[in-house]
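Based on the provided sequences and hints, a complete structural model is requested.
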Amino acid sequence: MAVELGAIGAVAPASFRERTLSAPWPPLFVLAPAVLVGAAMLLPLGYLIWRTLGAGPEAWDLLARSHVFGTLFRTTVLAATVTGATIAIGVPLAWLTIRTDLPLRRLWAVLTVLPLVIPSYVGGMVVVAALRPKGLLQEILSGPFGVDRLPEIYGFPGAFLTLALLTYPYVLLSTRAALWNVDPALEEASRGLGRGAWTTFRRVTLPQLRPAIAAGALLVALYTLSDFGAVSLLRFDSFTRVIFLQYESAFNRTLAAASSLVLVALALGILLVEARARGRARYYRSGAGAARRPGVVRLGRWRWPALAFVVAVVALALAAPISVLGYWLVRGVQAGEPLRLVGEGALNSLYVSSLAAVATVLAALPVAILTVRYPSWVSSLLERVSYIGFALPGIAVALALVFFGARYATPVYQTLGLLVFAYVVLFLPVAVGALRASLQQVHPHVEEAARSLGRSPLRVFLTVTLPLMRWGILASAAGVFLITMKELPVTLILSPIGFKTLATSTWSAASAAFFAQAAAPALLLMLVSSVAVGLLMFREPQLRR
Amino acid sequence: MSEIAVRCLGLRKDYGAVRAVSGLDLSLERGHLLALLGPSGCGKTTALRLIAGFERPDGGTIEIGGRIVAGPGVALPPEKRRVGMVFQDYALFPHLTVAQNVAFGLSRGRERKARLEEVCSLVGLRGLESRYPHELSGGEQQRVALARALAPKPEVLLLDEPFSNLDASLRAQVRADVRLILRDAGTTTVFVTHDQDEALFMGDQVAVMNDGRVEQVAAPEELFHSPGSRFVAEFIGVADFLPATAQEDGLLTEIGLVPSANESRPGSRGEVMVRPDDIDIAPAADGRGRIVACTFLGTHLVYEVALPSGRRVRSMQPHTAAYAEGAAVEVRLVLGHPLIFFPKDTEE
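Protein sequences appear in the order of chains A and U.
Its first residue numbered 5, the first sequence is counted upward by one per residue in my numbering.
Its first residue numbered 26, the second sequence is counted upward by one per residue in my numbering.
Simulated from the structure, these hints should not be mistaken for laboratory data.
No incorrect hints appear here.
Stretch by stretch, here's where chain U covers chain A in the computed footprint (C-beta under 8 Å, at least three residues):
| no. | segment |
| --- | --- |
| 1 | 446-458 |
| 2 | 462-472 |
Not the full set, but computed from the structure, chain U residues with beta-carbon under 8 Å of chain A:
| no. | residue |
| --- | --- |
| 3 | Glu104 |
| 4 | Met110 |
| 5 | Asp114 |
If you anchor each label on the Cβ, the simulated ranges turn out as follows:
| no. | chain 1 | residue 1 | chain 2 | residue 2 | range |
| --- | --- | --- | --- | --- | --- |
| 6 | U | Ala193 | A | Arg388 | 44 to 50 Å |
| 7 | U | Ala193 | A | Leu111 | 44 to 50 Å |
| 8 | U | Ser52 | A | Leu275 | 53 to 59 Å |
| 9 | U | Ala42 | A | Ala413 | 48 to 54 Å |
| 10 | A | Leu366 | U | Ala100 | 30 to 36 Å |
| 11 | A | Val334 | U | Asp114 | 57 to 63 Å |
| 12 | A | Pro379 | U | Ser194 | 36 to 42 Å |
| 13 | A | Arg280 | U | Ala42 | 27 to 33 Å |
| 14 | U | Asp114 | A | Ser515 | 54 to 60 Å |
| 15 | U | Tyr40 | A | Ala269 | 35 to 41 Å |
| 16 | U | Glu28 | A | Leu539 | 55 to 61 Å |
| 17 | U | Lys178 | A | Pro379 | 34 to 40 Å |
| 18 | A | Leu366 | U | Asp114 | 27 to 33 Å |
In this text, a Cβ means the ideal position worked out from N, Cα and C, and glycines have one as well.
Spelled out as structure tokens, the structure:
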């Protein structure tokens, strides 16, 4: 699922909407590839549906016997509680790091976002390594304090803790962008009407933040639903883990297909609820331009408790994982763990992620052009189809393509081609989002000027539009590249035999509890991911100055 | 050489149920400058975009340089029409320098460089060729847009509200410069504006548009002094209207019998247009007009006078004529100003 950098779209700067008087029919060099991409996007989901329906009542029997409702319940509870927790952490953090005189505010503004760089399976591994029975924490505590038992970490508590600490930055980022854009005049108007600071926050500021909080919460919920690494390592039976086990153990793959379909339905349900809740209200500032920035709120005696809260979050979500990984890295090196294997994984990761980035951007370009420049029912349909990746958990895409490949496309089965295709399906929304944003910055008048100077549509695209979109293209390629690096379930299931990446090496070492072996690739992944987060934060105006 | 460079016949464009352009007829001689003037939403920009080829007409034909570019079964794309377009926002290519922008529409070859230099000196851009658009002032950007559109020697140049992005102080100067450049280049030009001063200043001909059609095409003076419809009369300059009845010897109005500028059937009823410079007032104790308001315009004053019927007319007076509000005045017509009569029965 493409939630990882989806947050970029959520905080992207508002671009002007060009006036579209009428929609001319798009040229063939845009329409044909866009339709082809749309069809490709539908393939995995279509196949899952076809396969499940094809099995008839048997599928339903299998599902019922697999305690699907229990799984559904557990998954929903996990998604709901993690989402709630991330709002509870992310919203106050956003406010503290944007609007108050918190000590070292800028530093915290950067550090609180950084947990984004930790892939969920690394987070899960850290929690297991530190908190399992006879883990790091117990080792530390058993000496001086004689603690010989820690609360059970496997199951819900571990999964909840891990996911909440890893995903709150999504809520933080979207809320922060919205807070930054709140028109201070509205708050001043409320104060002028005799409302106090708290009432003003609750009745004026918070309602304006609601869409942004909802957008961040949506990302968190979808992330949680589709997460495979953390729940698997922490042995919590949410859908992804159950589906993976069904796929690995059963002879009949119909059950895995049917379960995947239920999971997709759950994700679609969440998207639908969010769309409904968002409603038609608009909360953006009226009028554009460089407006005043809101004033700084003095925390007074709440300064230190607030600081303690921020420090605690950063310690748990960032400092602790890095320390644990560092500890295991040192132990691994001391024990003579071969780092050569990491190099091979890194090269493979680099290679396949570059392929995915190029392929996804190429697929996304016609879709972005069509939806921005040629609005019609065809393009709005394609736009929706291109967002399928948002609702499709990686494991569902991977299984669909495994089944499809094994049956109908044996030549591509077990090849990098199929793997890259899966990445394209998953990450197309990320690429389309960034490309759309940059295309919207190119005013159609510029293209029309080029047309009137005697250039054909294709040449205008190549000589004017494309050069003007270059930063957007670069950003979307970088985005896809970096999420592909971290992606686990699709890589795990669709990689050709013997093809090890950083993600899969980390995973296989971590799931066998070889933490010393997992530490090096995990840290390398985080290092690479911090580039992505750096890019993401560079786009936040409040941090750029 | 009086050859038709642009001709539109029965041009029509609908957006859903909205008819943006409905039955537009225009023709423009080569080398002339036509201003398309009208209130916002009258379809003038759409008309321009139809000529340029950015929109497809739903009916009618467009002819450029004797060639049909749009019509039944014909729809030439913009790049084949030989039109130059200057956009309101200039739409300069931000990734190209001034020289690259201007040369964009020129084909590769020996003449390219010569033409580039020629056009740059024509619009006064020499020395700025290696700058990027964002390094230029608004007026300079405007000249780049103009040079870029002129460079390929288009059959017709189209300007969409070209001066609206400039400061008021700069606008008059740029306007005069552009007019001179276009005269020198001898380019056939259609330009769209909602500013009547601009239209009257720039245009050899002014086409007043209303509701998607052309109300009147005429030279600026003619448009001002003999508007073809009440809409034009109201839109161009300041005008008041008085009920009138046509007679053999003139028009009978509240302020007496006035000479008529146009033929009308005796006995027909309608309205006459009076401009502030048509009306003279003089203080008189038994005067039938009463001053209700006064606007100071620097060199002169405009008094608003209520007539016994309640109708109001405006009168332009030298700044030395100071009358108090509420003063009774005699209202009469300035000699030698025949008035335009709009009969009721031919009105819509």
